[in-house]
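Engineer: Use the sequences and the hints to build the structure in full.
Number of protein chains: 2
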Amino acid sequence: MLCETILSGNRLSLAKLITGIENGDEEALAALDALFPHSGRAHLIGVTGAPGTGKSSLVNQLARLYRHPPQGQLARRVGIVAVDPTSPFSGGALLGDRVRMRELSGDAGVFIRSMASRGTLGGLAATTSQVVAAMDAAGFEVILIETVGVGQSEIDIANLAHSVVVVEAPGLGDDIQAGKAGILEVADILVVNKADLSGAEHTHRILEQMLDIAYSRDDSSGSPAQNSWRPPVIKTIANQGTGIDDLFASLASHLTFIKNNDEWIKRSHQRLEIEFENLLRERVVYNWVNGAAKEKYHNLKQRVFNREISPVRAVEELLTLES
Amino acid sequence: MLCETILSGNRLSLAKLITGIENGDEEALAALDALFPHSGRAHLIGVTGAPGTGKSSLVNQLARLYRHPPQGQLARRVGIVAVDPTSPFSGGALLGDRVRMRELSGDAGVFIRSMASRGTLGGLAATTSQVVAAMDAAGFEVILIETVGVGQSEIDIANLAHSVVVVEAPGLGDDIQAGKAGILEVADILVVNKADLSGAEHTHRILEQMLDIAYSRDDSSGSPAQNSWRPPVIKTIANQGTGIDDLFASLASHLTFIKNNDEWIKRSHQRLEIEFENLLRERVVYNWVNGAAKEKYHNLKQRVFNREISPVRAVEELLTLES
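So the sequence lines, in the order shown, correspond to chains A and B. Going by this note's numbering, the first sequence wraps up at 323, each residue one higher than the last. Going by this note's numbering, the second sequence wraps up at 323, each residue one higher than the last.
Rather than coming from a laboratory, the hints here were simulated on the basis of the structure. Among these hints, one or two may not hold up.
Given that identical chains are not distinguished, each listed pair holds provided it fits within a single copy or across any two copies.
What the hints assert, rightly or not - When the alpha-carbon atoms are kept at most 27 Å apart in a straight line, the in silico DSS-like pairs for lysine-lysine are as follows:
{"no.": "1", "residue 1": "Lys-235", "residue 2": "Lys-259"}
{"no.": "2", "residue 1": "Lys-266", "residue 2": "Lys-294"}
{"no.": "3", "residue 1": "Lys-266", "residue 2": "Lys-296"}
{"no.": "4", "residue 1": "Lys-16", "residue 2": "Lys-259"}
{"no.": "5", "residue 1": "Lys-294", "residue 2": "Lys-259"}
{"no.": "6", "residue 1": "Lys-235", "residue 2": "Lys-294"}
{"no.": "7", "residue 1": "Lys-266", "residue 2": "Lys-235"}
{"no.": "8", "residue 1": "Lys-259", "residue 2": "Lys-296"}
{"no.": "9", "residue 1": "Lys-16", "residue 2": "Lys-296"}
Here the structure is a predicted model, which means the values were calculated and not measured.
Structural biologist: This is the structure in structure tokens:
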């Protein structure tokens, strides 16, 4: 059965399962169900930021460091999931893939998968979560979830991670891009990549100012100091490998922090609850928009547009359909 | 019947209906259903911003100006809905209410209602939309929807409006607050209130810079110039009544703009669709979390937490429940 070969470390089976998950195949969902109890061990690291911040190079460098850690540390098996909510097809992501393949090729300890937006973002987040669970069960100990920052989407996907790295690059645009998405609220670690570019200092300062404000707020809401983690702001030059060791060390500290504060289990449950409820929302609405009640749904929506019936009543009519 | 007395302009009936809507009474929903065809005429104006930006004073000043417009313009009947997603009770909002009552008291052309968060934000947005529809049907020609800026919430509520006014006040914190919420993406008009405070120029400049970036992006995505509205940034000192006439004029221009670009109907439909689908999502999940399937829902969630069953399978088990 697919599940056993995956647990035994068969890469081809894992790749097949993930394709099945993306297509929503029954067999894949059954295998995932069997694998699910074996998941929950991996350190899930979300890496997000605006296009052009150099996320992919950073992720590749991180992966390499987890594979070849500093003296005295264990090498980790690394999964990489590259999610691009912006592209309906995985073209862009696949390109990134080919680059990665060259850089990390032939390492059985690295598994890379690209995903593109199919249907709703909620759906993408859910599918991503399933792919992550599959890699997790397959024994990959660190899973890097890379997403292009485009607002709500990467917050959804950041919710999948234990540790969220937000990548900035010099330039006001990126600062705002990051700000816009409310992404600072989900950041555990901030990275100013391309730190050799002019404006890096400015970006670094703005991020620290944002954090000062955010954390003065937190204090006023009385969160105990020993339970609070202030995101460090780390400068990197990914394509030169500069600063990656600092990021690597910060991720280790953050992992220790969340394990010592019940944050690990809290985030895991929170993640699963969000996934559960999002799936529920998406599936239910999907059933109505595309399923048996399709006609009824669209007719009711049109009647709402014509103000013949109120949205509340329209929803009630839909709900009575199936009870 | 409640509906007729409301159409005839009975304030007490309207107040009663709104309370019924907030409580989800059957009678209220029936009345709302009957009123709904009479809605869709009012100019819905969302006013949002971080706490302390002076939204309430601004809204009061705007209301007064709509009641007593410049020479040669018609006075409008004004509804005010103050939404506070942050407070579980309407305490804060009610306080604002009492202040308003003094300022706008005895004017039958003004109807004020405060709402606080009950249950989910989606739920709050939906209820707010219903209250707005009721005021709209009751013949209030301009409806000011005031919300405290706290991220996603005011975006949900901004989606209810034809024209969205984002209020800033001097200070980096507020700039970020605005940025964080992705609120600039929904702003039709930006206001720098408390323009007499130091830092107002800085805030004004940052907002213009943000707009420069946002609109250079838009152009690259090839939106025709005559269809594009660049939000003006207006300085006001609400508690002195300064700049309100500029805001008033901008709102008139924006109303003309959306009516000339099919934006009016587009936004109305978009609003109704969002309301429809949010109601659907909320109601369905609510039914599971609190309804007959309550036990089953929570058991399944716990089994997901224990990794005995995958979220996908858990949702399937829920869905098979009722089919």
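Engineer: Quick check: which numbered hints come out false for this structure?
Structural biologist: 4, 5, 6, 7, 8 and 9
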